[in-house]
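Based on the sequences and whatever the hints tell you, model everything.
Those protein sequences? They're chains A and D, same order as listed.
Quick note, the working numbering runs 16 ahead of the 1-based positions in the first sequence.
Quick note, the working numbering runs 16 ahead of the 1-based positions in the second sequence.
It should be emphasised that the hints constitute simulated quantities derived from the structure, not laboratory data.
Don't take every hint at face value.
A pair holds if it fits inside one copy or across any two, identical chains being indistinguishable in the list.
What the hints assert, rightly or not - Derived lysine to aspartate or glutamate pairs resembling DMTMM-like cross-links, with alpha carbons at most 25 Å apart:
(1) K168 to E199
(2) K200 to D279
(3) K340 to D112
(4) K116 to E46
(5) K103 to E75
(6) K237 to D324
(7) K80 to D44
Residues per chain, in single letters:
Number of protein chains: 2
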Amino acid sequence: MSDKIKLGIIGYGNLGKGAVEAIKNTNDMELVAIFTRRDPSTLQISEPGIKAAHIDEVEDYQDKIDVMLLCGGSATDLPEQTPQFAKLFNTVDSYDTHAKIPEYYQSVNEVAENSNTTAVISVGWDPGLFSINRVMAEAILPSGENYTFWGKGLSQGHSDAVRRVNGVKNGVQYTIPSEDAIEKVRSGSNPELSTSEKHNRVCYIVPEDGADKAAIENEIKTMPNYFADYNTEVHFITEEELKRDHSKAPHGGFVIRGGNTGDNNQIYEFSLKLDSNPEFTASVLVAYARAAHRLSEEKQFGAKTVYDIAPGYISPLSAADLRKNYL
Amino acid sequence: MSDKIKLGIIGYGNLGKGAVEAIKNTNDMELVAIFTRRDPSTLQISEPGIKAAHIDEVEDYQDKIDVMLLCGGSATDLPEQTPQFAKLFNTVDSYDTHAKIPEYYQSVNEVAENSNTTAVISVGWDPGLFSINRVMAEAILPSGENYTFWGKGLSQGHSDAVRRVNGVKNGVQYTIPSEDAIEKVRSGSNPELSTSEKHNRVCYIVPEDGADKAAIENEIKTMPNYFADYNTEVHFITEEELKRDHSKAPHGGFVIRGGNTGDNNQIYEFSLKLDSNPEFTASVLVAYARAAHRLSEEKQFGAKTVYDIAPGYISPLSAADLRKNYL
Numbered sequence: 017m018s019d020k021i022k023l024g025i026i027g028y029g030n031l032g033k034g035a036v037e038a039i040k041n042t043n044d045m046e047l048v049a050i051f052t053r054r055d056p057s058t059l060q061i062s063e064p065g066i067k068a069a070h071i072d073e074v075e076d077y078q079d080k081i082d083v084m085l086l087c088g089g090s091a092t093d094l095p096e097q098t099p100q101f102a103k104l105f106n107t108v109d110s111y112d113t114h115a116k117i118p119e120y121y122q123s124v125n126e127v128a129e130n131s132n133t134t135a136v137i138s139v140g141w142d143p144g145l146f147s148i149n150r151v152m153a154e155a156i157l158p159s160g161e162n163y164t165f166w167g168k169g170l171s172q173g174h175s176d177a178v179r180r181v182n183g184v185k186n187g188v189q190y191t192i193p194s195e196d197a198i199e200k201v202r203s204g205s206n207p208e209l210s211t212s213e214k215h216n217r218v219c220y221i222v223p224e225d226g227a228d229k230a231a232i233e234n235e236i237k238t239m240p241n242y243f244a245d246y247n248t249e250v251h252f253i254t255e256e257e258l259k260r261d262h263s264k265a266p267h268g269g270f271v272i273r274g275g276n277t278g279d280n281n282q283i284y285e286f287s288l289k290l291d292s293n294p295e296f297t298a299s300v301l302v303a304y305a306r307a308a309h310r311l312s313e314e315k316q317f318g319a320k321t322v323y324d325i326a327p328g329y330i331s332p333l334s335a336a337d338l339r340k341n342y343l
Numbered sequence: 017m018s019d020k021i022k023l024g025i026i027g028y029g030n031l032g033k034g035a036v037e038a039i040k041n042t043n044d045m046e047l048v049a050i051f052t053r054r055d056p057s058t059l060q061i062s063e064p065g066i067k068a069a070h071i072d073e074v075e076d077y078q079d080k081i082d083v084m085l086l087c088g089g090s091a092t093d094l095p096e097q098t099p100q101f102a103k104l105f106n107t108v109d110s111y112d113t114h115a116k117i118p119e120y121y122q123s124v125n126e127v128a129e130n131s132n133t134t135a136v137i138s139v140g141w142d143p144g145l146f147s148i149n150r151v152m153a154e155a156i157l158p159s160g161e162n163y164t165f166w167g168k169g170l171s172q173g174h175s176d177a178v179r180r181v182n183g184v185k186n187g188v189q190y191t192i193p194s195e196d197a198i199e200k201v202r203s204g205s206n207p208e209l210s211t212s213e214k215h216n217r218v219c220y221i222v223p224e225d226g227a228d229k230a231a232i233e234n235e236i237k238t239m240p241n242y243f244a245d246y247n248t249e250v251h252f253i254t255e256e257e258l259k260r261d262h263s264k265a266p267h268g269g270f271v272i273r274g275g276n277t278g279d280n281n282q283i284y285e286f287s288l289k290l291d292s293n294p295e296f297t298a299s300v301l302v303a304y305a306r307a308a309h310r311l312s313e314e315k316q317f318g319a320k321t322v323y324d325i326a327p328g329y330i331s332p333l334s335a336a337d338l339r340k341n342y343l
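Written as structure tokens, this is what we have:
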């Protein structure tokens, strides 16, 4: 029997598919099964030999899986699923509704503490790696200001909004950090910047035949909340161009702290440039599955966030190796 | 009596001075005393009301100091001082002789475990923050390559080397990361790059009266190990220009990982742009003093590195606050 860490995946959308890729890149973990609410025989799994099972069978796997990756969505799946599955398994999830994290933590923590499981919540890049950097930068440079920029990234919500505009056949929207704003922050001047001053919005629109392009552009640019306050560009393209150039899900962003010590400026910056948002997010989940496994073996049960987990816990290497080769 | 964390500083060079500044920026820590091998009355301390004491008096402070910041040098001070003072205090140090860290760890760990103290070793930005990012990036993106660039930074060793050249009155040397090399790495192409391909060297030289500038430039550019393999620039300036433009100790650098998931490139980047290297390094030490204090209160004794310390431990905020406001 292998001594690899045994993982399961619940939910086979983009994140679950990314998790399959991410596990394949490790040497110390293996995927036991993917669980779905659909008919398991209908799953198109990219890797051969991976078991698909119905989510109702999950209890049969309690002894076969060390950590369950919860790859559902934050809106409705995770608030229900995480407390349910943390009763049975150590879990890692990417819950990202920032405002509701405290109550989510509390409900998951109660279950995990009572069930002697370890539930690592809200993992990914934001929340996740960006969260770590916001806190570390401020702890190190208490005098200063944190800035978070998102993008260049495909925004699902804004893409949905442009597709609802009259005369639009298809389209996507990218959120793009303002180069000007980033340069101001990097200069150490700690400017006051609203979200709309920090980001521009660029739309690629496939119009319906004979649609009024000027009217589309105007409706998008004046849309309240979504676009009106932003510097917005609208480009018209063909369906073929949309498929060819805009079918990936890139994302990324920057956390920058402009800090001061004595009379000196100190700039701390963390950034990601991701060709695939779901594959990267899944890779973070898989790395934190190591931590969930180790914490559970140390009987550190309950809900944990990235703030509770030492960096060495997400690495497959021993503490001695890390000190020797990476410190 | 205040419930602030009580700190002491051993060694009042640039790092010790930076630590005074860094402690001033916190609300939860206070400086009890600075210890020196010199006559304490000769210390010019920038802040009023701070006690200076002789290093031989340090034992009298065992009950008055929670964490001692060891601000000596890595070459001779720390290998001797850390085991000595870890017998008496929780400590934080910036030991940065990468190749000797394993034996240093072992000698400090033995003392700290036997003395029920917590000794956080090799803290700063490299080793320190850069080390964390090298490991986290690789844990998340196992398929890929890490790159560390240093600079723009004043290099003490290389500045010493140019000042030994015949005809040089004074001078400084900056290590500067190659923009070309950084762009290649950011493109995700994972190029093979030697240290000399990743960095350029720029020297500002004050020549002695009547010195042969061409000979100086040639001797510098052909100096083995230090300059011969590098793209090196030599600029001649006056003593006044040197004082005016080159009296700070800036530094910084980049850790970049070009990783792959599936067919996608994922770029992970961490960088620092520091106007004062010693003040920033000291700020990291002070933040990790919180961790040393908390670990010690949890009876997690022994030597620890940044890999063993969860991000929340260096923050003055509660876990609930971090989840609510930063995650």
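Quick rundown of the hints versus the structure:
no.	hint	result
1	K168 to E199	both (16 Å within a copy, 17 Å between copies)
2	K200 to D279	within (18 Å within a copy, 35 Å between copies)
3	K340 to D112	between (36 Å within a copy, 12 Å between copies)
4	K116 to E46	neither (32 Å within a copy, 36 Å between copies)
5	K103 to E75	within (10 Å within a copy, 51 Å between copies)
6	K237 to D324	neither (43 Å within a copy, 49 Å between copies)
7	K80 to D44	within (16 Å within a copy, 47 Å between copies)
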